[in-house]
Amino acid sequence: MMKIPQTRLSAFCNVLSALVPECRLMITDQGWNTLAVDTANVAMVSANLPKAQFDEFTETEKAEIGLDLMKLKDFLKVMDDEKSTITIERKEGRLIMSDGRYTVKHTPLDVQTVRKRPNPPSLSLPAAIDIDAGQLQEAIKAMGVISDKVRLGTCKEGLALDAEGDTDQLHKVLESTGKCQVPDAAVRSLFSLDYLKEIGKAMKGASTCTALLGQDHPIRFDFELDGMECGYFLAPRLEGD
Amino acid sequence: MPWICPYCGTENEQDGRVGRQEPPCRSCKNPRATPEELARIREAKISSIKKDLEELNEVAGKLRDSIEFHASIIAEHQQDLNDARKELGELREDAAPLKEALKRWEDQEVFYEKRDKAFMAEQDPFQTKLPFEVPA
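Chains as they are written, first to last, in my numbering: chain A, 447 to 687; chain B, 243 to 378.
To be clear, the hints were calculated from the coordinates, so they are not data collected in a lab.
Since this is a predicted model, take the numbers as computed values, not measurements.
Note that beta-carbon positions come from the ideal geometry of N, C-alpha and C, so glycine has one too.
Incorrect hints may appear among the rest.
Stated by the list, open to error - Derived Cβ-Cβ restraints for the label pairs, each shown as a range: (1) B:R357 - A:Y548: 28 to 38 angstroms; (2) A:A509 - B:A343: 19 to 29 angstroms; (3) B:A337 - A:D501: 56 to 66 angstroms; (4) B:A343 - A:E502: 56 to 66 angstroms; (5) B:S308 - A:H617: 26 to 36 angstroms; (6) A:Q581 - B:E329: 14 to 24 angstroms; (7) A:T613 - B:A343: 27 to 37 angstroms; (8) B:E342 - A:E670: 52 to 62 angstroms; (9) B:Q350 - A:D475: 44 to 54 angstroms; (10) B:S314 - A:A632: 27 to 37 angstroms; (11) A:K647 - B:S308: 52 to 62 angstroms; (12) B:N324 - A:E670: 57 to 67 angstroms; (13) B:R346 - A:K647: 33 to 43 angstroms.
Stated by the list, open to error - Taking lysine to aspartate or glutamate and the EDC-like style, the derived pairs with C-alpha atoms no more than 20 angstroms apart in a straight line are: (14) B:K271 - B:E297; (15) B:K287 - B:E297; (16) A:K643 - B:E253; (17) A:K625 - A:E644; (18) B:K356 - A:D640; (19) A:K643 - B:E297.
Claimed, not checked - Some chain A residues close to chain B (C-beta under 8 angstroms, calculated; not the full set): (20) V483; (21) D484; (22) T485; (23) N487; (24) L569; (25) L571; (26) R634; (27) S638; (28) Y641; (29) P664; (30) F679; (31) A681; (32) L684; (33) E685.
Extracted from the complex, chain A is given alone in its bound form (with noise of 0.2 angstroms):
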């Protein structure tokens, strides 16, 4: 039995549903994660929602089970009370879920037919910079005005957004709210806004984010929402000579 309130549910299905419509969720004592890789295998996602964050948790053993997140989020439509709290069980291979109006009987998928978990990549990303997340996604956004690609670098202030279109350009500084780990030479990598755009709009809640990157570098993104640790990773876009 779990009970978790409907915000905090709605959240982490938002975090995962920014890149993945489905994933294998691991459930342990500890609490839920999972880690997920999109299918042109370009980004990933990580969210751990520890123990704590849910108003009661009494699973003990270990489970995985395939989670439809595009579902999950239907039935959250259906109970959106956002003061209600959600609780789950597991019966029979099936999830019960109810918020005291609905009660709602999922099966989920079979494990077998969802992506397996990948290995997150082990690289040492030199720049680490704290920013604020609502500025990024605000200033992810501006910069799809111009074009569908941005390239993130370092500066000594924090972080360079840079976009260019045919004839314009637009750039910005977002200046660091605490940590400001930056190389001397400069670091910079072009992403595809595509992503950039659901993932700025899943940390809109949270208040920082921790972005660390390196010269046509992956870009990981570290953040706490509602209680939960999240992460994305992104892997650039490199243009030859």
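Given chain A, put chain B in place with the hints provided.
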């Protein structure tokens, strides 16, 4: 011997010459000047003013040319603006019946396909994948 200061008109009664130094005017402190010296100073000032006047006339000429040049550009753009306004008016006239016709469907929902980011990424030859490998 008393003398009158040519600059301020004050009558200096005493010629208090000390050690061959001409005393200045007691009112404006200008040195005593003879009528010949005064005439020379006046000539110098007149020539300096004439020179300044010539320079100013030259600048005024350049400014007049510049004003004429910019006025011609403005006139040219004004013509373009008038043409564009006329064209806009015509387009608005053309669009008026279309707006009217579209009102029939204004309550109908518009469905559009969401951009598939994974498909776009797969078509992009420069997009790298995860787990990322450092390029050689």
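Do the hints match the structure? See the list:
| no. | hint | verdict |
| --- | --- | --- |
| 1 | B:R357 - A:Y548: 28 to 38 angstroms | 33 angstroms, holds |
| 2 | A:A509 - B:A343: 19 to 29 angstroms | 59 angstroms, violated |
| 3 | B:A337 - A:D501: 56 to 66 angstroms | 58 angstroms, holds |
| 4 | B:A343 - A:E502: 56 to 66 angstroms | 59 angstroms, holds |
| 5 | B:S308 - A:H617: 26 to 36 angstroms | 35 angstroms, holds |
| 6 | A:Q581 - B:E329: 14 to 24 angstroms | 42 angstroms, violated |
| 7 | A:T613 - B:A343: 27 to 37 angstroms | 34 angstroms, holds |
| 8 | B:E342 - A:E670: 52 to 62 angstroms | 54 angstroms, holds |
| 9 | B:Q350 - A:D475: 44 to 54 angstroms | 53 angstroms, holds |
| 10 | B:S314 - A:A632: 27 to 37 angstroms | 48 angstroms, violated |
| 11 | A:K647 - B:S308: 52 to 62 angstroms | 53 angstroms, holds |
| 12 | B:N324 - A:E670: 57 to 67 angstroms | 60 angstroms, holds |
| 13 | B:R346 - A:K647: 33 to 43 angstroms | 35 angstroms, holds |
| 14 | B:K271 - B:E297 | 33 angstroms, violated |
| 15 | B:K287 - B:E297 | 15 angstroms, holds |
| 16 | A:K643 - B:E253 | 90 angstroms, violated |
| 17 | A:K625 - A:E644 | 25 angstroms, violated |
| 18 | B:K356 - A:D640 | 11 angstroms, holds |
| 19 | A:K643 - B:E297 | 62 angstroms, violated |
| 20 | V483 | 6 angstroms, holds |
| 21 | D484 | 6 angstroms, holds |
| 22 | T485 | 4 angstroms, holds |
| 23 | N487 | 4 angstroms, holds |
| 24 | L569 | 7 angstroms, holds |
| 25 | L571 | 11 angstroms, violated |
| 26 | R634 | 15 angstroms, violated |
| 27 | S638 | 6 angstroms, holds |
| 28 | Y641 | 6 angstroms, holds |
| 29 | P664 | 5 angstroms, holds |
| 30 | F679 | 6 angstroms, holds |
| 31 | A681 | 4 angstroms, holds |
| 32 | L684 | 6 angstroms, holds |
| 33 | E685 | 5 angstroms, holds |
Of the numbered hints given earlier, the model fails hints 2, 6, 10, 14, 16, 17, 19, 25 and 26; all others are met.
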